[in-house]
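Required output: the full structure, derived from the provided sequences and hints.
Listed below are the residues making up each chain.
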Amino acid sequence: MLQWSSRSPRHWHEFVNHEVCVTAGDQQRFEGRVFTVDPVSASVVLVSVQENECPSVRVILGHAVTDVQILRRGTEETERQMKSVFLPDRAQSLSAEELKSRRESVRLWLEKNRVPVTEDGEVLCVANALTISAPYRPGDCSSANEIILSRIQSLVESIPGAEQPSGQTHQ
Amino acid sequence: MKTPVSVLRLPRGPDPNSRGFDPSSPRFIALCPTSVPSSSSSSSDEEEQRLRAELRESFLRTLLLMTGKRVRFDMHEHVRVHARFGASDIDVLNLQVSDLETPLGVQREALLRCQDVIACSFEV
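Residue numbers (the numbering used here), protein chains in the order written: chain V, 42 to 212; chain Y, 100 to 223.
Heads up, some of the hints might be wrong.
[Stated by the list, open to error] Just the calculated beta-carbon pair ranges, DEER-fashion:
1) 210/Y <-> 52/V: 30 to 36 Å
2) 91/V <-> 123/Y: 42 to 48 Å
3) 120/V <-> 202/Y: 39 to 45 Å
[What the hints assert, rightly or not] Per the computed footprint, the stretches of chain V lying under chain Y, defined by three or more beta-carbons under 8 Å from a beta-carbon of chain Y, are:
4) 73 to 82
5) 100 to 112
Source of the hints: derived by calculation from the structure; they are not laboratory data. Note that the Cβ used here is the ideal one computed from N, Cα and C, for glycine as well.
This is the structure we're talking about:
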């Protein structure tokens, strides 16, 4: 039986969204629903499944995991509930018109600040190095270059006049 | 237990030009996986990469959620400490925390070795 940390990502992925019992080093047992398994350290992230309490998350470090047993299989509903704990609130549903005008205002603001920006469908491309996807908040900027990312993020954040939705996260 | 503890010994500072943790230290070399294990069949590489990326992204989101929160660390020999989570390094070998509550007092800043930690729990 292979050690947990030497398993493949495919094997780890089998456990995602299911309720498991993880046995750690000194006979400790942890139960919860698997959100993810870190491929670098094989750490298991469990989310508590109790309905009435606020959700708690437990990260069990990969080196300590000796056994993982599935107790109950998850469903699409449980997956959705679990993800809502982690993912930022993208439920701000803007209509196509609003998205377009927002994209336009962000593009104009960037151009005003002498930033080379082109429109590629629904995505704004900045200097071939950064993309901004809907709904064009600072948290929607994506780039491989940290310096460009932080510059553009602060620009988008400081756009005058536009309403900023609450609960943004930095990437 | 809230009295801050005066620093007894300053750790050696990080190299200003690197990630912050010494990559040539014997501990890092021993613990950090130099090659990533993958399945044998080459045709499913792309699928495996995709899964790996998906799993890692979710894990990074977990770390993001954990930042700034009061986390309980379960360590060996049933030791339990609370601290405010700061950051983890890229290979999840060290955890930077603030206000670590220990029997000696509160350590303002501390570095926890992941080999010592079994689990960390927090409320969302």
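Against the structure, the hints:
no. : hint                        : result
1   : 210/Y <-> 52/V: 30 to 36 Å  : 31 Å, holds
2   : 91/V <-> 123/Y: 42 to 48 Å  : 46 Å, holds
3   : 120/V <-> 202/Y: 39 to 45 Å : 41 Å, holds
4   : 73 to 82                    : holds (count 7)
5   : 100 to 112                  : holds (count 6)
The structure is consistent with each of the numbered hints, conforming to all of them.
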